[in-house]
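K.L.:
Using the hints provided, position chain W relative to the given structure of chain D.
There are 2 protein chains.
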Amino acid sequence: MEILGKHLLVEFTDCDRKALNDLKRMEKILLEAAQKAGATIVDSIFHLYNPHGVSGVIVIAESHMSIHTWPEYGYAAVDFFTCGERVDPWIACRYMNEQLGGSMNTREVKRGIPGDVDRVIPHKPDSETLPKKEVA
Amino acid sequence: MEILGKHLLVEFTDCDRKALNDLKRMEKILLEAAQKAGATIVDSIFHLYNPHGVSGVIVIAESHMSIHTWPEYGYAAVDFFTCGERVDPWIACRYMNEQLGGSMNTREVKRGIPGDVDRVIPHKPDSETLPKKEVA
Chain D
20 MEILGKHLLV EFTDCDRKAL NDLKRMEKIL LEAAQKAGAT IVDSIFHLYN
70 PHGVSGVIVI AESHMSIHTW PEYGYAAVDF FTCGERVDPW IACRYMNEQL
120 GGSMNTREVK RGIPGDVDRV IPHKPDSETL PKKEVA
Chain W
20 MEILGKHLLV EFTDCDRKAL NDLKRMEKIL LEAAQKAGAT IVDSIFHLYN
70 PHGVSGVIVI AESHMSIHTW PEYGYAAVDF FTCGERVDPW IACRYMNEQL
120 GGSMNTREVK RGIPGDVDRV IPHKPDSETL PKKEVA
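Residue numbers (this note's numbering), protein chains in the order written: chain D, 20 to 155; chain W, 20 to 155.
In isolation and in its complexed conformation, chain D is listed as follows (with noise of 0.2 Å):
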C-alpha cells in the first residue's frame, strides 16, 4: 500500500457510564485528545442522543477524531484517523483511556492506494498533478 494516512480503531469498554452520556464533557476529552497528540484542530460537531448517547467529530488538519458512545453499555467507539508524522495518535487513545477509565482495545489500520509494498508517500505540495483551474 501506498500509506497516506494511519487509522486508530478504538474500543473502550467498563467506562465511567456517566461520563459517557455528558456531551460537554466528551467534547472536552477529545478536544484535549486532539490537542495533546498535536493535531490541528479545523472544526467539531458533538450531539446528545435521546434517550442517550453522544456523537462527536473533529475535523483536523490531520484528518478527523470521532467518538460514539453507548452509556447503557459503558462502551465508546473512537477513531483516529491522522496523515503525516507531526501528530501522534497513540497519545490522543492514551489521553482518551485515563478519562474514560476502564479499558480500551485498538486495531491499527493503514490508510492509502492499495499495492503490494507498503510505503509511506508524502502529501505533494505543489499542483503539478492537479487539473489546472480554467480560466472563465
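To be clear, the hints were calculated from the coordinates, so they are not data collected in a lab.
Keep in mind that a hint or two might mislead.
Partial selection, computed: residues in chain D whose CB lies under 7 Å from chain W [as the list claims (entries may be wrong)]: (1) L27; (2) E30; (3) S82; (4) S85; (5) N124; (6) E127; (7) K143.
Distance condition first, Cα-Cα at most 30 Å in a straight line; then the derived DSBU-like pairs of lysine-lysine [what the hints assert, rightly or not]: (8) K47/D with K129/D; (9) K55/W with K129/D; (10) K55/D with K129/W; (11) K129/D with K143/W; (12) K37/W with K47/W; (13) K37/W with K143/D; (14) K55/D with K143/D; (15) K129/D with K55/D; (16) K129/D with K43/W; (17) K43/W with K37/D; (18) K55/W with K129/W; (19) K37/W with K129/D; (20) K55/W with K37/W; (21) K43/W with K55/W; (22) K37/D with K55/W; (23) K129/W with K143/D; (24) K37/W with K43/D; (25) K47/W with K129/W; (26) K129/W with K143/W; (27) K37/D with K55/D; (28) K143/W with K47/D; (29) K129/W with K129/D; (30) K143/D with K47/W; (31) K47/W with K143/W; (32) K143/D with K129/D; (33) K43/D with K143/W; (34) K37/D with K47/D; (35) K43/D with K55/D; (36) K47/D with K129/W.
Keep in mind that this is a model prediction, so the values were computed, not measured.
Beta carbons: idealized from backbone N, C-alpha and C, even for Gly.
P.N.:
For chain W alone, kept in the frame of chain D given last:
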C-alpha cells in the same frame, strides 16, 4: 464481540481528480450517499485545504460518514460507520464509487465490545442501565 456497529473503510483510487478537489461536489456526493443509504443526517462539516484536498464528515443518527481526499493522487479515504439494521452502508459505498469513478477497495470492521463470540446486541432504549439523574 458484542457488535454495536459496522464500519466500512473504503479506499477509492483512480478517481476524478478535479472532483476530489471540489468542496461543493464532495459535500453533495457524501450527503446524497448518506440519504440513499437511509441515514438520518444530524450535522456536517466540509473543509477545503490549501493547496488542495477536501475533508468532510457527516454525523448521522446512526454514527458517521467521512471523506478525506488527496486529489494529487486521485485518492479518497472514506468511512461509513453505521449502527442498527436500518441503514445500508454498502448503498452509500456503491453510490460514491459511481460518482467518483475509478475503483474501490473495501474492508468491513465490526465495532463493539470485544469478546470471544460474535453477536449483535441492540441499543437499550430505556435508561434503566444508566446512573439516575441527580436531583439538585
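K.L.:
Next, verify each hint and record whether it holds.
P.N.:
Hints versus structure:
For L27/D, the suggested interface contact is broken, since its CB lies about 12 Å from the closest CB of chain W, more than 7 Å. Interface restraint check for E30/D: the shortest CB-CB distance to chain W comes to about 6 Å, inside 7 Å, so the restraint holds. Hint on S82/D holds. Least Cβ distance to chain W is approximately 5 Å, under the 7 Å limit. Given the 7 Å rule on beta carbons, the hint for S85/D holds: about 6 Å separates it from the nearest Cβ of chain W.
Nearest Cβ of chain W to the Cβ of N124/D: about 5 Å, under the 7 Å cut. The hint holds. Below 7 Å, beta-carbon pairs count as interface contacts, and E127/D has none with chain W, the closest being about 12 Å; its hint is therefore violated. Nearest Cβ of chain W to the Cβ of K143/D: about 4 Å, under the 7 Å cut. The hint holds. At roughly 28 Å between alpha-carbon atoms, K47/D and K129/D fall within 30 Å of each other, so this suggested pair holds.
For the proposed pair K55/W and K129/D, the alpha carbon gap of about 28 Å is at most 30 Å, so the pair holds. Simply put, K55/D and K129/W have alpha-carbon atoms about 28 Å apart, close enough for the 30 Å limit, and the pair holds. Simply put, K129/D and K143/W have alpha-carbon atoms about 33 Å apart, too far for the 30 Å limit, and the pair is violated. Restraint check for K37/W and K47/W: the C-alpha separation of about 15 Å stays at or below 30 Å, so the hint holds.
For the hint linking K37/W to K143/D, the alpha-carbon distance of about 15 Å falls within 30 Å, and the restraint holds. At most 30 Å may separate the alpha-carbon atoms for a hinted pair to count; K55/D and K143/D meet this at roughly 26 Å. This hinted pair checks out: K129/D and K55/D have alpha carbons roughly 22 Å apart, not beyond 30 Å. With a CA separation close to 28 Å, the supplied pair K129/D and K43/W stays within the 30 Å bound.
A C-alpha spacing of about 39 Å is found between K43/W and K37/D, which places the hinted pair above 30 Å, so the restraint is violated. For the suggested pair K55/W and K129/W, the alpha carbons sit about 22 Å apart, so the restraint of at most 30 Å is met. Restraint check for K37/W and K129/D: satisfied, since their Cα atoms lie roughly 25 Å apart, inside the 30 Å limit. For the hint pairing K55/W with K37/W, the CA-to-CA distance comes to about 24 Å; that is within 30 Å, so the pair holds.
In summary, the hint linking K43/W to K55/W is supported, as the alpha carbons are separated by about 18 Å, within the 30 Å threshold. Our distance criterion of 30 Å between C-alpha atoms is broken by K37/D and K55/W, whose separation comes to about 35 Å. Distance hint between K129/W and K143/D is unfulfilled; the C-alpha atoms sit about 33 Å from each other, more than 30 Å. Of the pairs offered as hints, the one joining K37/W and K43/D is violated, with about 39 Å between alpha carbons and a cut-off of 30 Å exceeded.
Of the supplied pair hints, the one linking K47/W and K129/W holds, its CA atoms being roughly 28 Å apart against a limit of 30 Å. For the hint linking K129/W to K143/W, the alpha-carbon distance of about 19 Å falls within 30 Å, and the restraint holds. Note on K37/D and K55/D: the hinted pairing holds, with a Cα-Cα distance of about 24 Å set against a maximum of 30 Å. A distance of roughly 26 Å separates the Cα atoms of K143/W and K47/D; the hinted pair therefore holds under the 30 Å criterion.
Of the pairs offered as hints, the one joining K129/W and K129/D holds, with about 17 Å between alpha carbons and a cut-off of 30 Å not exceeded. Of the supplied pair hints, the one linking K143/D and K47/W holds, its CA atoms being roughly 26 Å apart against a limit of 30 Å. Taking the CA atoms of K47/W and K143/W, the gap is near 33 Å; set against the 30 Å cutoff, the hint is violated. Distance hint between K143/D and K129/D is fulfilled; the C-alpha atoms sit about 19 Å from each other, no more than 30 Å.
For the suggested pair K43/D and K143/W, the alpha carbons sit about 22 Å apart, so the restraint of at most 30 Å is met. Restraint check for K37/D and K47/D: the C-alpha separation of about 15 Å stays at or below 30 Å, so the hint holds. Taking the CA atoms of K43/D and K55/D, the gap is about 18 Å. The hint holds against a cut of 30 Å. Between the alpha carbons of K47/D and K129/W the distance comes to roughly 27 Å, so the proposed pair stays at or under 30 Å and holds.
The structure does not agree with the numbered hints 1, 6, 11, 17, 22, 23, 24 and 31 stated previously, though it agrees with the rest.
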